[in-house]
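Enquirer: Below are the chains, spelled out letter by letter.
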Amino acid sequence: MAIKTWELDSGFKDEIMSEPGGENLTKCFQCSTCTLGCPLTEIVATYNPRKIIQMSLLGMRDEVLSNPDLWICLICQTCTARCPQDVRIADLLSAIRRVAEKEEKAGRLKIESHRPLFDKAFEHQLAKYGRLYDMGLAMEYYKGKEGGSFFKGLLTMSKDYKDFGMRMFKKGKMGPKAMFPEKVKDRAVVKKIFAEFSEG
Amino acid sequence: MSVTKLAYYPGCPSETTAMEQEMSTKAVFEKLGVELVEVEDWNCCGAAEIEDPKLVHALNARNLAIAERAGLDIVTPCSICYYNLERANRALQEDEGFRAKLRGIDPSLEYKGTIKARHILDILMNEIGEAELSSKVVKKVNLKVAPYYGCYIGRPPTTAFDDPDDPVLMDKLVELIGGECVPFSQTKTLCCGGPLMMTRADIAFAMARKVLEAAKNAGADCVALACPLCGMMLDAKQPDIEAELGISIGMPVVYITQLLGLALGIEPNKLGLNKNAVETKEILGRVK
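From first to last, the protein sequence lines are chains A and B.
Residues in the first sequence are numbered consecutively from 1, following the working numbering.
Residues in the second sequence are numbered consecutively from 201, following the working numbering.
Since the hints were made in silico from the structure, they are not lab data.
C-beta atoms are modelled at their ideal positions from N, C-alpha and C, and glycine is treated no differently.
None of the hints are false.
Reference listing, derived: stretches of chain B covered by chain A, where coverage requires no fewer than 3 residues with Cβ under 8 Å from a Cβ of chain A: (1) 250-260; (2) 352-360; (3) 388-398; (4) 438-445.
Chain A regions said to be covered by chain B (calculated; three or more residues, Cβ under 8 Å): (5) 33-44; (6) 78-86; (7) 92-100; (8) 128-137.
Within a straight-line C-alpha distance of at most 16 Å, the following computed EDC-like cross-link-like pairs (lysine to aspartate or glutamate) qualify: (9) B:254 x A:199; (10) A:191 x B:241; (11) A:183 x B:241.
All chains should be modelled from the sequences, with the hints used to inform the complete structure.
Expert: Okay, here's the thing in structure tokens:
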């Protein structure tokens with residue numbers, strides 16, 4: 001890929017570094033320890049966090065934010081544990097993901113991955129109940145995946161999770177505690193936390 | 201033994217998909233004479249899905265504050281809950297401004313920063329200790345075990361309580377109860393794939409397959425682990441992984457507290473050994 005210097009965004013690194021977790025971006029000296037030790041590279045050979053960092057430092061804003069590889073980091077922290085420069089790469093990639101999500105919210109980017117949808121659906125369960133409600137999460141996620149159709153979502157979910165659901169049922173793991181949400185009593189304070197710290 | 205009472209943070213899957221971990225944790229600690237007092241009205245830690253650190257810190261400030269008011273350190277059987285609780289704890293202890301902000305949002309979020317978050321494996325091995333555990337072992341768990349640690353026991357360095365590349369606490373516990381650890385150091389700290397289970401099942405399944413096949417190739421009778429997301433991927437989803445990838449694994453996967461419970465002479469059903477997706481009957485026959 002040819003780098004077009006006139007298209008570089010010199011403010012991009014500051015944008016990332018102002019997100020919590022992105023603070024140590026400029027400490028990276030490109031040793032590639034993160035990438036060599038990353039367990040994901042054994043499955044997705046092209047996955048390269050070192051490259052994402054260098055492109056961020058250069059200011060290749062559009063290329064970084066539209067990179068589908070942002071959404072397959074498992075946050076396993078191997079890179080963070082091994083980085084000699086304390087870049088905290090797992091946190092840094094998370095910070096870049098949040099910049100991308102803001103960009104999408106502003107209508108300037110279309111994220112191809114379903115991961116933001118899943119994370120948001122997860123967050124909505126917490127905001128509503130204070131605890132994770134698996135069924136609610138799955139239903140909201142599948143609905144979103146199927147373009148907002150609750151019925152289509154339900155169908156796809158049933159197809160994907162039929163065997164799994166039956167397996168859990170046979171083991172006594174699909175009782176009322178799984179079918180209905182467990183709610184925190186003091187949901188008022190949970191609501192206040194989300195009002196203050198969540199982008200919604 | 202220095203610890204007799206702890207605040208217990210079960211985590212969201214404790215009454216559903218990871219009920220066998222919850223059952224075995226409670227049974228083991230009761231047997232060891234350590235009282236677990238559930239954190240009153242606890243909320244979710246944010247898991248791997250809440251990515252904004254400020255939101256994670258605020259959510260866990262509430263849990264930490266409840267335990268602190270009870271005057272107890274907080275312990276959890278889940279590696280992800282542990283990571284979120286303790287990283288929030290460190291951040292809150294270092295940031296008086298953020299603590300003040302939380303106080304201002306609601307008085308119930310007032311946290312002074314006087315307690316610690318711990319993982320049950322850490323408590324078992326570093327507080328209760330090997331000598332005390334050995335003295336209570338009544339049965340020999342004669343199994344070849346692949347001790348699987350996953351991500352948050354040895355990483356990241358700020359919250360880790362074991363070696364990042366070759367953690368040993370579970371190995372020692374397996375040997376203490378009469379088991380044998382198969383060679384597993386190349387695999388024991390790999391990720392199970394859990395965070396991508398719903399959004400990139402292809403990658404998640406490939407990750408989990410590596411762990412399960414490595415255990416099988418090493419001659420293990422079972423995998424032992426200490427995190428409900430690892431349990432979900434390696435045990436509950438194992439038949440799905442076999443079907444999707446056209447392979448046969450059949451590897452029993454148990455929580456380390458289930459194995460320890462057997463050694464302490466606790467009934468298998470009280471340890472939820474009938475709840476694991478992959479049958480555990482064969483391994484039960486090896487406990488004498």
